[in-house]
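The lines below spell out each chain.
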Amino acid sequence: MKAEYKIILELLEENSRILDVGCNDGTLMQFLKKNKKVDIRGIEISKKKVQTCVAKGLTVLEGNAELDLKQFPDRSFDYVILGQTLQAFVNPQAVIKELLRIGKKAIVTIPNFGHWKVRLNLLTKGTMPVTKTLPNNWYNTPNIHMCTIRDFVEFSKVIDFKIFKSLALTNKSISKINNLNLFFKNLFAELGIFLIEK
Amino acid sequence: MKNDKDLKTIIIKKPLKLDCGKTISNFPIAYETYGSLNDSKDNAILIFHALTGDQFVSGINPITKKEGWWNNVVGPDKSINTNKYFVICANVIGGCMGSFGPNHKNLVSNKIYGTDFPVITINDMVNAQVNLLDHFKIKKLFSVIGGSMGGMQVLQFVSNFPDKTQTAVPIACTYSHSAQNIAFNELGRQAITADHNWLAGNYTSKNKIPDKGLAVARMAAHITYLSKKGLQEKFGRKLQERDDFKFGFDADFQIESYLRYQGSVFVDRFDANSYLYITRAMDYFDLAKQFNGNLSDAFKKTKAKFFVISFTSDWLYPTQENKEIVIALNAIGANVGFVEIESDKGHDSFLLNVPDFLQTVKNFLDQSYKELKNES
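Protein sequences appear in the order of chains A and B. Under my numbering, think of the first position of the first sequence as 1, with each following residue one higher. Under my numbering, think of the first position of the second sequence as 1, with each following residue one higher.
Any given hint could be a false lead.
The calculated label-pair distances, taken between Cβ atoms and stated as ranges, are [claimed, not checked]:
1. B:320 / A:130: 51 to 59 Å
2. A:35 / B:39: 31 to 39 Å
3. B:303 / A:74: 39 to 47 Å
Cross-link-like lysine-lysine pairs, in silico, DSSO-like; alpha carbons within 30 Å at most [stated by the list, open to error]:
4. A:56 / B:370
5. B:370 / A:47
6. A:37 / B:370
7. A:37 / B:373
8. A:34 / B:362
9. B:140 / A:33
10. B:84 / A:33
11. B:373 / A:33
Keep in mind that the hints were calculated from the coordinates and are not lab data. In this text, all values refer to a predicted model and were calculated from it rather than measured experimentally. Glycine included, each C-beta is placed from N, C-alpha and C at the ideal position.
With these hints in hand, go ahead and build the complete structure from the sequences.
This is the structure:
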């Protein structure tokens with residue numbers, strides 16, 4: 001999803017230290033490194049993907065974000081990125097807290113479970129939604145903690161973090177989310193992108 | 001055993017104060033090189049060998065006539081590509097392939113040192129080898145690489161000489177020898193010293209070799225280099241050239257025969273006293289202790305880029321111990337990558353043909369070198 005990467009790129013300041021949590025095969029890291037002067041590291045659970053990242057010349061640690069973030073000191077990164085991974089954690093609350101401890105800021109993107117197709121899917125079929133962005137069945141999905149854009153906004157009050165920027169990605173177009181349009185963004189956006197801070 | 005004239009050596013004139021308090025000078029370091037140093041002298045890699053290794057990393061070892069110990073990894077177009085990099089490897093001090101060791105003659109007493117040789121440490125080893133940089137007029141290495149005890153030397157080298165390498169690759173190692181590691185080494189030393197031919201270390205002058213003890217030491221150690229699964233798959237309960245048990249203590253099982261063979265070929269190429277000295281050096285290794293218990297402090301001054309590698313089935317230097325190095329580096333914001341390679345070949349994985357490992361080493365080095373060239 002190139003549009004998502006571009007938004008993330010614009011949120012980052014030059015010369016900043018970045019950690020990409022769950023960096024996958026390093027596509028985002030490589031994109032950011034190429035387009036901005038940044039010092040970027042990654043952490044990834046899959047051995048094969050770590051090896052792919054090494055082949056791309058990226059600095060990546062094999063590790064589990066739910067266990068291995070504790071080795072990083074407080075505020076040791078300017079930004080910590082969590083791209084479409086929050087829903088896969090056993091304890092998303094603990095992960096967000098860790099992101100906000102090790103990063104001065106965090107960028108979290110979430111696939112929006114409030115999207116109308118998801119809602120319609122459940123409403124009409126009566127089965128757990130399977131869509132383009134969420135292609136797995138309920139029994140084999142890694143996404144065990146799906147949330148909506150509204151859920152994430154509410155979440156900020158529960159575990160007390162500030163949302164600096166909230167953006168919605170709808171059909172490759174980007175728009176700001178605010179209190180007035182939240183209902184519609186939560187219905188039509190495929191992805192929510194949040195810049196947050198403790 | 002060998003002809004020292006075949007070995008490349010440099011004599012270190014500068015006195016070296018050892019951790020044990022003694023000072024040595026005018027001592028030899030035997031080394032070998034592969035590939036060629038480029039004009040900008042930025043393509044040199046110093047490889048550190050493990051307990052029973054030597055300077056003959058690649059190709060055919062001219063002394064043993066067998067493949068170099070890291071021939072799977074080092075050579076033209078291999079992971080550590082000698083068409084591209086200039087590889088240097090030295091025999092550690094305390095060793096028995098030409099570097100200053102217990103089988104050398106004490107020029108004062110005119111006797112073989114034996115156990116009069118000073119006890120050396122990993123720190124002493126790297127302090128001796130750094131002289132090779134001056135010899136080749138290399139200001140900064142591209143990389144320091146090593147597995148097992150070689151990995152310990154990598155860590156110690158970067159700690160002692162933070163500006164002398166661009167990258168560092170410690171493989172299947174630890175920053176502090178565990179009780180289990182020490183226990184296995186002690187078993188080996190006891191086997192050697194219990195051999196009647198050891199003669200308190202003076203066997204050479206009496207024309208004896210404590211070969212039984214050294215072979216047992218090697219057999220015990222060899223088991224620690226393999227995994228249970230690997231052993232089971234390779235040998236299982238297969239019998240050695242017989243249909244049934246012989247009801248005696250001959251080598252009935254293939255694994256027995258294999259270990260006996262490993263022990264017997266080892267004594268032809270390795271010195272028993274060297275085995276005592278080098279295992280001692282490993283046991284004394286505790287990099288955190290050198291920094292009052294804070295391992296991170298060992299790496300505070302370096303800007304080197306690290307890549308730490310461990311193996312899933314290595315129970316001698318398990319992943320967790322390798323990860324502790326990564327954690328210490330991350331605690332100070334050092335540049336460090338880490339991967340645990342899937343392999344059922346145990347600790348020995350770093351020496352063997354493990355494709356994911358070979359590819360990862362190659363990618364890390366080549367990408368890092370490319371980056372270095374882009375920056376300059």
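Worksheet entry | Hint consistency between residue 373 of chain B and residue 33 of chain A [alpha-carbon to alpha-carbon, up to 30 Å] | holds (17 Å)
Practice prompt. For the pair we were handed, residue 56 of chain A and residue 370 of chain B, check the Cα-Cα distance against 30 Å.
Written response: holds (11 Å)
Practice prompt. Would you check the hint for residue 84 of chain B and residue 33 of chain A, treating anything up to 30 Å between C-alpha atoms as holding?
Written response: Given that 30 Å is the threshold and the Cα spacing comes to 26 Å, the pair holds.
Worksheet item: Is the hinted pair residue 140 of chain B and residue 33 of chain A satisfied, with a Cα-Cα distance of at most 30 Å?
Response: holds (26 Å)
Worksheet item: How does the Cβ-Cβ distance of residue 303 of chain B and residue 74 of chain A compare with 39 to 47 Å: does it lie in that range?
Response: Roughly 22 Å apart at Cβ, these two residues miss the hinted range, so it is violated.
Worksheet item: Would you say the C-beta atoms of residue 35 of chain A and residue 39 of chain B sit inside 31 to 39 Å of each other?
Response: holds (34 Å)
Discussion item. Taking the Cβ atom of residue 320 of chain B and the Cβ atom of residue 130 of chain A, is their distance within the range 51 to 59 Å?
Written reply: violated (39 Å)
Worksheet item: Between residue 37 of chain A and residue 373 of chain B, is the straight-line Cα distance small enough, at 30 Å or below?
Response: It holds: about 17 Å lies between the C-alpha atoms, which stays within 30 Å.
Discussion item. Run the distance test for residue 37 of chain A versus residue 370 of chain B: straight-line Cα separation, threshold 30 Å.
Written reply: Measuring from Cα to Cα gives roughly 17 Å; hence the hint holds.
Discussion item. Next pair to validate is residue 34 of chain A with residue 362 of chain B; report whether the Cα-Cα distance is within 30 Å.
Written reply: Distance of about 22 Å is within 30 Å: holds.
Worksheet entry | Distance restraint between residue 370 of chain B and residue 47 of chain A, which requires alpha-carbon spacing of 30 Å or less | holds (23 Å)
The structure fails hints 1, 3 (numbered hints given earlier, in ascending order).
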